[in-house]
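Novice: One-letter residues, chain by chain:
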Amino acid sequence: MNDKSDGIVIRASNLTKRFGGVVAVDGISFEVSRGETYGLLGPNGAGKTTTMRMISGLSPLTAGKLTVAGIDVTSQAREVRNVLGVVTQEDGLDTDLDAKSNLIVYGYTAGLSRAEAEKRADAVLMFFDLTDKAREEIDYLSGGMKRRLAIARAFMTSPRVIVLDEPTTGLDPQGRNRVWQELETMKQGGVTILMSTHYMDEAAALCDRLAIMHHGRILAEGTPDELVNRHAGSEVAQVRVSNGARQDVVDWIGNAGFDYRDAGAVITVTSRNGARPDLSGLAGVRVSYRPSNLEDVFLTMAGRGLTDDE
Amino acid sequence: MMAATASTYIAGVRLRSIAGIWYRHALVLRRNLLTSLSWYFVEPFVILVAIGIGVGTLVDDVQGVPYARFITPGVIVGSAMFHAVFECAWGGFMRIQKGVYETTLTAPVSTREVAMGDICWTMTRTVVTAVCIGTVAAAFGWIDNVSGVGVLLPAALVGMQFGALGLIFAALSPNVHILSLTFTVVASPLYFLSGAFFPISSMPDWVEPLAWAAPLTPSVHLARGFVTGDLAMSHLLSGLYVVAWIIVLFPIAATLMHRRLVK
Chain F
1 MNDKSDGIVI RASNLTKRFG GVVAVDGISF EVSRGETYGL LGPNGAGKTT TMRMISGLSP
61 LTAGKLTVAG IDVTSQAREV RNVLGVVTQE DGLDTDLDAK SNLIVYGYTA GLSRAEAEKR
121 ADAVLMFFDL TDKAREEIDY LSGGMKRRLA IARAFMTSPR VIVLDEPTTG LDPQGRNRVW
181 QELETMKQGG VTILMSTHYM DEAAALCDRL AIMHHGRILA EGTPDELVNR HAGSEVAQVR
241 VSNGARQDVV DWIGNAGFDY RDAGAVITVT SRNGARPDLS GLAGVRVSYR PSNLEDVFLT
301 MAGRGLTDDE
Chain H
1 MMAATASTYI AGVRLRSIAG IWYRHALVLR RNLLTSLSWY FVEPFVILVA IGIGVGTLVD
61 DVQGVPYARF ITPGVIVGSA MFHAVFECAW GGFMRIQKGV YETTLTAPVS TREVAMGDIC
121 WTMTRTVVTA VCIGTVAAAF GWIDNVSGVG VLLPAALVGM QFGALGLIFA ALSPNVHILS
181 LTFTVVASPL YFLSGAFFPI SSMPDWVEPL AWAAPLTPSV HLARGFVTGD LAMSHLLSGL
241 YVVAWIIVLF PIAATLMHRR LVK
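Chains as they are written, first to last, in our numbering: chain F, 1 to 310; chain H, 1 to 263.
Any given hint could be a false lead.
Stated by the list, open to error - Below, computed lysine-lysine pairings styled on DSS-like, alpha-carbon distance capped at 27 Å:
# : chain 1 : residue 1 : chain 2 : residue 2
1 : H       : K98       : F       : K133
2 : H       : K263      : H       : K98
3 : F       : K119      : F       : K133
4 : F       : K65       : F       : K133
5 : H       : K263      : F       : K65
6 : F       : K187      : F       : K119
Unchecked claim - Restraint-style ranges between C-beta atoms, simulated for each label pair:
#  : chain 1 : residue 1 : chain 2 : residue 2 : range
7  : H       : E208      : F       : V22       : 48 to 54 Å
8  : H       : V243      : F       : P60       : 45 to 51 Å
9  : H       : S7        : F       : S234      : 32 to 38 Å
10 : H       : A26       : F       : D139      : 42 to 48 Å
11 : F       : A205      : H       : V248      : 53 to 59 Å
12 : H       : I51       : F       : P60       : 30 to 36 Å
Claimed, not checked - Here chain F is said to cover these stretches of chain H; the calculated rule only asks that three of the stretch's residues, wherever they fall, bring their Cβ under 8 Å from a Cβ of chain F:
#  : segment
13 : 15-23
14 : 96-105
Hints in this document: simulated from the structure, not taken from any laboratory. On a predicted model such as this, the values are computed, not experimentally measured, just so you know. Glycine is no exception: its CB is placed at the ideal position from the N, C-alpha and C atoms.
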């Protein structure tokens with residue numbers, strides 16, 4: 001019963017969400033331990049955002065049980081939001097207020113005194129290196145700054161658990177790196193992070209453990225290394241093929257029972273039981289090998305790429 | 001209200017939620033004070049002077065008072081209505097679209113408290129505009145009665161009533177085009193139906209009952225009672241009628257906001 005003593009901060013069992021006849025989340029179960037960074041990895045439409053919204057108390061459960069820090073989300077949604085910091089997929093910044101006022105208003109509404117909110121806003125702006133943007137109009141901030149401000153806002157109440165829906169979607173590489181750095185610092189500060197992403201490099205860089213989601217279900221769960229070793233082997237073949245030979249090659253790979261993804265210029269083929277696909281007999285083919293990654297795991301699990309929709 | 005501590009609840013309503021939303025709106029007003037003044041002050045001032053004095057030269061006294069004096073209560077209450085509709089229908093819709101409400105809900109705030117916070121602020125806003133116009137009218141001598149202070153009551157009631165109505169439109173509108181009907185099809189006709197600019201008794205017989213039932217009319221009647229200092233039972237009934245509107249509209253507004261925001 002006591003989720004605090006066994007170190008489990010988020011406990012989801014048989015979590016289900018239906019919108020009319022559409023099943024968005026299909027009975028998933030997972031646990032996140034204190035201090036852990038746990039990722040939900042999957043393409044758009046996999047059910048990640050719906051899962052995050054249920055945990056944040058912004059979307060009622062259709063079925064299942066969900067507790068955060070031992071608090072039941074269904075019966076005590078308000079209490080859950082007392083312990084959680086939530087960063088929604090849209091930044092949700094108030095363009096009628098400047099950057100710092102966004103933080104102060106949130107902090108005050110969440111329960112800090114006006115003086116505490118003011119002080120905390122200064123500290124949070126400093127941590128996110130936004131001090132010189134304190135009085136800036138929201139519309140004049142870059143995408144990366146807006147995202148960091150939205151994350152900063154969730155930190156106004158010094159939560160020990162933070163829920164981050166796609167922290168870097170739509171950001172340029174510099175913006176992404178900044179957010180990654182700051183999340184890493186939070187992680188080292190002992191904050192438990194639940195995040196969703198459709199970037200495998202992001203999941204690999206930040207997450208201690210992750211669940212690969214597809215069509216509302218969890219296909220596989222583990223540390224990034226475990227998942228790669230277990231499902232994609234140590235390496236994949238990158239096959240470059242001339243257009244004339246393409247169909248022959250695809251047929252050959254399929255018949256031989258290898259998992260592959262045809263990305264146009266390059267066909268990626270995963271090894272099977274450590275065996276490389278032997279394409280030496282085919283004409284017009286150039287093969288190279290690279291270490292496997294989470295994208296390849298998804299390919300073998302779902303038979304398609306992570307960036308695909310639906 | 002600002003003193004509401006983080007954990008004060010009344011009947012399950014967390015006061016800090018309402019105070020936080022009110023504070024947000026107050027900061028926005030402070031930030032845009034000069035442009036807001038045009039709303040609170042210049043526009044109703046222009047209507048009052050242009051119609052009151054301009055049209056006033058063309059018409060005789062109405063119900064025994066000069067025309068400018070006759071329209072003063074209606075302009076105050078009508079202006080309150082436009083403020084409320086603007087804040088809750090237009091502003092509310094924008095806050096839905098921009099995810100501002102969603103952010104508020106990531107704090108320990110309920111959708112009902114979001115609606116209450118917005119309506120509380122709207123009431124503040126309608127009272128402020130009533131003070132602004134009332135002061136101008138008093139300077140012209142169109143309000144010369146101590147009981148004229150009472151117009152703040154219908155202004156506040158209209159703030160809650162049309163604030164709730166505005167949130168209903170915000171929650172139901174799929175886009176700004178539909179939303180704009182709140183102004184063109186609802187607010188403007190109600191203004192002219194309210195008896196603000198001409199007595200309801202001068203309307204065609206079949207319109208009269210409609211005009212009396214319309215949601216803005218009783219507030220204009222009540223305001224006129226305070227301005228003339230001639231209060232009767234009909235004014236009490238008018239006030240109660242508006243309160244009934246508020247009691248009916250608020251739960252609908254809160255429910256529709258919940259449906260729109262929590263899926």
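Novice: Would you mind marking each hint as holding or not holding in the structure?
Specialist: Hints, verified against the model:
For the hint linking K98 of chain H to K133 of chain F, the alpha-carbon distance of about 21 Å falls within 27 Å, and the restraint holds. Note on K263 of chain H and K98 of chain H: the hinted pairing holds, with a Cα-Cα distance of about 17 Å set against a maximum of 27 Å. For the suggested pair K119 of chain F and K133 of chain F, the alpha carbons sit about 16 Å apart, so the restraint of at most 27 Å is met. For the hint pairing K65 of chain F with K133 of chain F, the CA-to-CA distance comes to about 42 Å; that exceeds 27 Å, so the pair is violated.
Between the alpha carbons of K263 of chain H and K65 of chain F the distance comes to roughly 18 Å, so the proposed pair stays at or under 27 Å and holds. In summary, the hint linking K187 of chain F to K119 of chain F is supported, as the alpha carbons are separated by about 23 Å, within the 27 Å threshold. In this structure the hint that E208 of chain H and V22 of chain F lie 48 to 54 Å apart at CB holds, the actual value being about 52 Å. For V243 of chain H paired with P60 of chain F, a C-beta distance near 33 Å fails the hint of 45 to 51 Å.
Taking 32 to 38 Å as the suggested C-beta distance range, the pair S7 of chain H and S234 of chain F does not conform, at roughly 55 Å. Checked against the hint of 42 to 48 Å, the pair A26 of chain H and D139 of chain F fails, with Cβ atoms roughly 21 Å apart. Under the hint 53 to 59 Å, the C-beta atoms of A205 of chain F and V248 of chain H, about 55 Å apart, fit the expected range. At about 51 Å, the CB distance of I51 of chain H to P60 of chain F disagrees with the hint of 30 to 36 Å.
For the segment 15-23 of chain H, the proposed coverage by chain F is satisfied: 6 residues have a C-beta within less than 8 Å of a C-beta in that chain, meeting the threshold of three. Restraint check on the segment 96-105 of chain H versus chain F: 7 residues with Cβ-Cβ distances below 8 Å, three needed, restraint holds.
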